[in-house]
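A.B. asks: For the protein sequence lines, the chains are A and B, in the order given. Numbering-wise (this note's numbering), the first sequence opens with residue 1 and increments by one. Numbering-wise (this note's numbering), the second sequence opens with residue 1 and increments by one.
No wet-lab data here; the hints were simulated from the structure. Yeah, the Cβ is synthetic: ideal placement off N, Cα and C, and Gly gets one too. Please note that the accuracy of each hint is not assured.
[Unchecked claim] Here are the computed lysine-lysine pairs in the DSSO-like style, where the Cα-Cα straight-line distance is at most 27 Å:
1) B:K29 with B:K6
2) B:K6 with A:K25
3) B:K15 with A:K25
[As the list claims (entries may be wrong)] Covered stretches of chain A, going by a simulated chain B footprint (3 or more residues, C-beta under 8 Å):
4) 1-13
5) 19-33
6) 37-48
7) 74-85
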Amino acid sequence: MDFFWAFVVGGLICVLGQLLLDVAKLDAGHVMSTFVVLGCVLDGFDLYDNLLSFAGAGASVPITSFGHSLLHGAMEQADKHGFWGIALGMFQLTSAGIAAAILFGFLVSVIFKPRG
Amino acid sequence: MDSKFKKENYTDTAKTYYPKVPYVRNCLKAFLVGGFICLIGELLTKFYMQVFDMSQQEAGTPTVTTLILISAILTGLGVYDRIAQFAGAGSAVPVTGFANAVTSAALEYKSEGYVLGVGSNMFKLAGSVIVFGVTSAYIVGIIRYIFNQLIGG
């Protein structure tokens, strides 16, 4: 059942993105930026955690979870260190993804030749 | 002259010549491919939870790292762009789309050298995600912080 809901919820988030592409005529960069802000705002109302516990990877794999993790890390540190914890914790949970993207992106650019 | 081709009617007239967007088809493709990527994510999460005895939250880091690695390699092979043409938002919205944006920008500017090409242009496409993510997290975070202080949380 976990797999089913991961598939359905993840798929539906992507359908929402497709509608932004086709109906609102946004490009992929705008859709991704919108989704990050959306995930962050949803976490601001403590709603994204419900989606995560319900859909697992269906909610943690779409880019909306990046916005959620940014705010989540910030608030976690703000609880410990006060106001400046917001800045301290900003990349607490997201650094793994960004570091991996930089590392693998660089290695691939060294190994592979550009196409097209 | 036919009133259809008057200057004032340009946008209305031009609209009838645009290619029709197959909304339902595109949404179905996005649903299937996006759902499939999340399904792989769920499989990886379960795998890491079982084999390395991690909690669901702990398993998030290796899951995302693995997905990004797969996406970067597929981008290098030119496969991810073909998937993207088919799936639209289905491959752009998952975290693999972020990795694809970083990797394809790095590859595209390889010819300008590793420092000024790859290094400076890597976040050309994906940078906006980080900028808007951090800005909105700061704003929402400060509002939440003040709110928590006021209600004595």
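A.B. asks: All the hints need checking, so say for each whether the structure fits it.
C.D. replies: Checked hints:
no. : hint             : in the structure
1   : B:K29 with B:K6  : violated (39 Å)
2   : B:K6 with A:K25  : holds (26 Å)
3   : B:K15 with A:K25 : holds (14 Å)
4   : 1-13             : holds (count 10)
5   : 19-33            : holds (count 10)
6   : 37-48            : holds (count 5)
7   : 74-85            : holds (count 4)
Consistency note: the structure conflicts with earlier hint 1 alone.
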